[in-house]
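With the hints as your guide, set chain B with the ligand onto chain A.
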Amino acid sequence: MIELMLGNQAVARGAYEAGVAVATAYPGTPSTEITEYIAKYDEIYTEWSPNEKIALEVAIGASLAGGRAIVSMKHVGLNVAADPLFTVSYTGVNGGLVIVVADDPGMHSSQNEQDSRFYARSAHIPMLEPSDSQEAKDYIKCAFELSEKYDTPVIVRLTTRVAHSQSLVETAEPQPITLKEYVKNPNKYVMMPGMAKARHIVVEQRMKRLTKDSYDLDINKIEKGNSSIGIITSGVVYHYAKEVLPEASYLKLGMIHPLPKDLILEFASKVDKLYVLEELEPVIEEQIKSWGIQVSGKELFSVQGEYTANMIERAIKGSTVNMKQKEELPNRPPVLCPGCPHRAVFYNLKKLKLTAMGDIGCYTLGALPPLEGIDACVCMGASIGMAHGFEKAKGKDSSKKVVGVIGDSTFIHSGIGGLIDIVYNKGVSTILILDNSITAMTGHQDNPSTGRTIKGEITAALDLVALVKATGINNVRVIDPFNLKESEAALKEEIERDQPSVIIFKRPCALLDKSQSSPLKIDSEKCTSCGLCLKLGCPAIQKKEEGMVIDESLCNGCKLCTQVCRFNAMEGVDY
Amino acid sequence: MKNINILIVGVGGQGTLLTSRVLGSLASKLGYDAKVSEVHGMAQRGGSVVTHVRFGDRIFSPLIEEGRADILLSFEKMEALRWIHYLKEDGMLIVNDQAIDPMPVITGNAKYPDDILNRLINRISNVFIINAQEIAKEIGNIRVSNSVLMGVLAQHMNIKKEDWEEVLSSIVPPKTIKENLKAFKIGYNTKLGCEEGARLNDVLE
Ligand SMILES: Cc1ncc(C[n+]2csc(CCOP(=O)(O)OP(=O)(O)O)c2C)c(N)n1
Numbered sequence: 004m005i006e007l008m009l010g011n012q013a014v015a016r017g018a019y020e021a022g023v024a025v026a027t028a029y030p031g032t033p034s035t036e037i038t039e040y041i042a043k044y045d046e047i048y049t050e051w052s053p054n055e056k057i058a059l060e061v062a063i064g065a066s067l068a069g070g071r072a073i074v075s076m077k078h079v080g081l082n083v084a085a086d087p088l089f090t091v092s093y094t095g096v097n098g099g100l101v102i103v104v105a106d107d108p109g110m111h112s113s114q115n116e117q118d119s120r121f122y123a124r125s126a127h128i129p130m131l132e133p134s135d136s137q138e139a140k141d142y143i144k145c146a147f148e149l150s151e152k153y154d155t156p157v158i159v160r161l162t163t164r165v166a167h168s169q170s171l172v173e174t175a176e177p178q179p180i181t182l183k184e185y186v187k188n189p190n191k192y193v194m195m196p197g198m199a200k201a202r203h204i205v206v207e208q209r210m211k212r213l214t215k216d217s218y219d220l221d222i223n224k225i226e227k228g229n230s231s232i233g234i235i236t237s238g239v240v241y242h243y244a245k246e247v248l249p250e251a252s253y254l255k256l257g258m259i260h261p262l263p264k265d266l267i268l269e270f271a272s273k274v275d276k277l278y279v280l281e282e283l284e285p286v287i288e289e290q291i292k293s294w295g296i297q298v299s300g301k302e303l304f305s306v307q308g309e310y311t312a313n314m315i316e317r318a319i320k321g322s323t324v325n326m327k328q329k330e331e332l333p334n335r336p337p338v339l340c341p342g343c344p345h346r347a348v349f350y351n352l353k354k355l356k357l358t359a360m361g362d363i364g365c366y367t368l369g370a371l372p373p374l375e376g377i378d379a380c381v382c383m384g385a386s387i388g389m390a391h392g393f394e395k396a397k398g399k400d401s402s403k404k405v406v407g408v409i410g411d412s413t414f415i416h417s418g419i420g421g422l423i424d425i426v427y428n429k430g431v432s433t434i435l436i437l438d439n440s441i442t443a444m445t446g447h448q449d450n451p452s453t454g455r456t457i458k459g460e461i462t463a464a465l466d467l468v469a470l471v472k473a474t475g476i477n478n479v480r481v482i483d484p485f486n487l488k489e490s491e492a493a494l495k496e497e498i499e500r501d502q503p504s505v506i507i508f509k510r511p512c513a514l515l516d517k518s519q520s521s522p523l524k525i526d527s528e529k530c531t532s533c534g535l536c537l538k539l540g541c542p543a544i545q546k547k548e549e550g551m552v553i554d555e556s557l558c559n560g561c562k563l564c565t566q567v568c569r570f571n572a573m574e575g576v577d578y
Numbered sequence: 026m027k028n029i030n031i032l033i034v035g036v037g038g039q040g041t042l043l044t045s046r047v048l049g050s051l052a053s054k055l056g057y058d059a060k061v062s063e064v065h066g067m068a069q070r071g072g073s074v075v076t077h078v079r080f081g082d083r084i085f086s087p088l089i090e091e092g093r094a095d096i097l098l099s100f101e102k103m104e105a106l107r108w109i110h111y112l113k114e115d116g117m118l119i120v121n122d123q124a125i126d127p128m129p130v131i132t133g134n135a136k137y138p139d140d141i142l143n144r145l146i147n148r149i150s151n152v153f154i155i156n157a158q159e160i161a162k163e164i165g166n167i168r169v170s171n172s173v174l175m176g177v178l179a180q181h182m183n184i185k186k187e188d189w190e191e192v193l194s195s196i197v198p199p200k201t202i203k204e205n206l207k208a209f210k211i212g213y214n215t216k217l218g219c220e221e222g223a224r225l226n227d228v229l230e
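Protein sequence lines, in the order shown, are assigned to chains A and B.
Heads up: the first sequence begins at 4 in the numbering used here, then just goes up one per residue.
Heads up: the second sequence begins at 26 in the numbering used here, then just goes up one per residue.
Looking at chain A on its own, in the form it has when it is part of the complex:
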């Protein structure tokens, strides 16, 4: 059957057809849907793990047990999983092990633009890169075969445009899920120095063998065209190039680590001018140059952002596409949704002029005007350690002005360790856990605190209060952030305290809250257009020439504005 599929859906289909037994992940754009789609296959055990490191470790265990396992994450997730990654390269696998990592050139939804291909090189793990959904499915199956044939984990790298584009996929029958026998083998699986030294030799041999065999690997393809221009490329950039240079010769790489050196040398010798087209870092280009071959690449392009077909046409053909003028317009940054519980917290933080070490999630949007409630955001879990460090540098009194702000999923992902640090090292920081009972930013995934698994089954719900208390924090309270007065009082009290404390602001994500009421209206008789309600940064409240208006297509009746308005001007008010 031929179906239009999202790249991520095709990865899931590939896992299914490859007979995968276990699939794990922590969500992250643009990789999230892979695991959501896999979860639809009843045959495959699927889980959201608390973070990427654990997700990879679960997959390693499954592979050791003899099943095929797949683990998916976004590029920065691979940083979290890097520790097991480098050593599972040494142990190799039993059942096939495939790690899918989705890079985000252009940073559509990420905090940096790192290039995962460096991980493949430094951990000595083969890496494949599909260019569309069909290849996404096919390469996953190929990756499992390579994994078992060469006794290695295999990384499949996607980029946003492959993960989030739909294209046609021909599906096939799944192969049955089988388990290989597990045989105890400490020399292969217990990585202490004596054994690891021997395994490092195996790793080197494996990569040499792969380099040699990659000459015949059918996912590395030469497409003969005009010999004046030769293009070496991989992933979606191949399609951009074909769009504007259909006549050129191509070496399309399906395996981007290790590179098929002999094939590249052969291709280079047959074309007059050689180009490497790769987004982000010059990973392929520098390797080819190190072999003494002349090739053009990054001197024509940037290491920043995405390539486009127009850009390639300009750089290689020199033709200037007739660019039309862009219009000067106000930006439209993403915003906290109407009814979002996070808004109420940031409103109070701003009012109290607190400095906030922030974290990653929907609540990071609280950094933007008018709320401007976050001072810093680095990576998942960082807010707590950063608040602690801020206090240690500036002294105890500073903690009366500084808080850490972190979401429920992020706290479980990697925040808890920071809290243990604060207690252990006698910090007095106040940490705010914004518990909207879901992993919202990435599209509403369950997590250990929601009481549901990825398959929708009921499970034990992690008790955040008990967890916080167990770290040794005695001052922990749970507050509805929509009670602005109570929240403000609690904040004042906790930051004054000479002990560490945690406030859990608990209220469900507005997009999931079923108890929504009808939109509010502004009573123009009462409204004085003072603009106080605009400080909430609610997209539904807008100032027009005729005065304040509430856009009823946006308002979900959360009534937070009624607590801010001094004139009772919002109708439907009965708070």
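What the hints contain is simulated information worked out from the structure, not anything from laboratory work.
Just so it is clear, the structure is predicted and the values come from calculations on it, not from any experiment.
All C-beta atoms, glycine included, are put in the ideal place defined by N, C-alpha and C.
Here are the computed lysine-lysine pairs in the BS3-like style, where the Cα-Cα straight-line distance is at most 30 Å: (1) A:Lys224 x B:Lys27; (2) A:Lys354 x A:Lys472; (3) A:Lys524 x B:Lys207; (4) A:Lys329 x A:Lys546; (5) A:Lys547 x B:Lys136.
Over the 12 Å line for every Cβ pair with chain B, so calculated as not near, a few chain A residues: (6) Gly64; (7) Asp118; (8) Glu151; (9) Lys152; (10) Thr181; (11) Ala271; (12) Ser452; (13) Val479; (14) Lys562; (15) Cys568.
Derived coverage of chain A by chain B (criterion: at least 3 residues anywhere in the stretch with Cβ under 8 Å from a Cβ of chain B; other residues may be distant): (16) 30-36; (17) 166-175.
Leaving out everything else, chain B with the ligand in the frame of chain A:
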């Protein structure tokens, strides 16, 4: 057939993804090669969003380049202007006459331009303006405004109305099929804007 490039733009949360799903299914149902590129993640929280839909005999890139869209379908006025440079010289714009203030406007740091429709009309000749949410409100479900816009789009493409209706019915939530079909029909039957040279049928033979 020549490749068709349709760019769908709007504000995150407006439901542009539904429209691209319908178009993608339609194209593959009719046996075309098709690619659809979407925005997930952060921008879906009220940011400026864009979806690229391409179909034809053989599609390489999932993205439409600047200056190469045949049709720009915009769910919001200012977004139409933000993406207008993607449209071909003789391309067609279908724009929903709705204004959603972005945060810089709400905070008073920027002004929502008051001459958007004029600026659009000055830049291109094939402009179709419709107030889809008014129609949706009359139908009694504000969420079906994207089906109104799809109806307008369908007027200008050489694909049978029945095919649209079938695909639309298979994609929207079952409870809302009737309302969506009604919205689609109104969009399909509304004659608007510049009539002359508006049909893209010749492109789509
Ligand atoms: C290491 C890492 N993994 C995954 C992500 C993707 N990511 C960004 S925000 C987020 C979820 C945050 O959820 P939560 O903390 O509950 O906040 P919410 O969005 O619900 O407000 C995820 C998974 C990331 N940025 N970094």
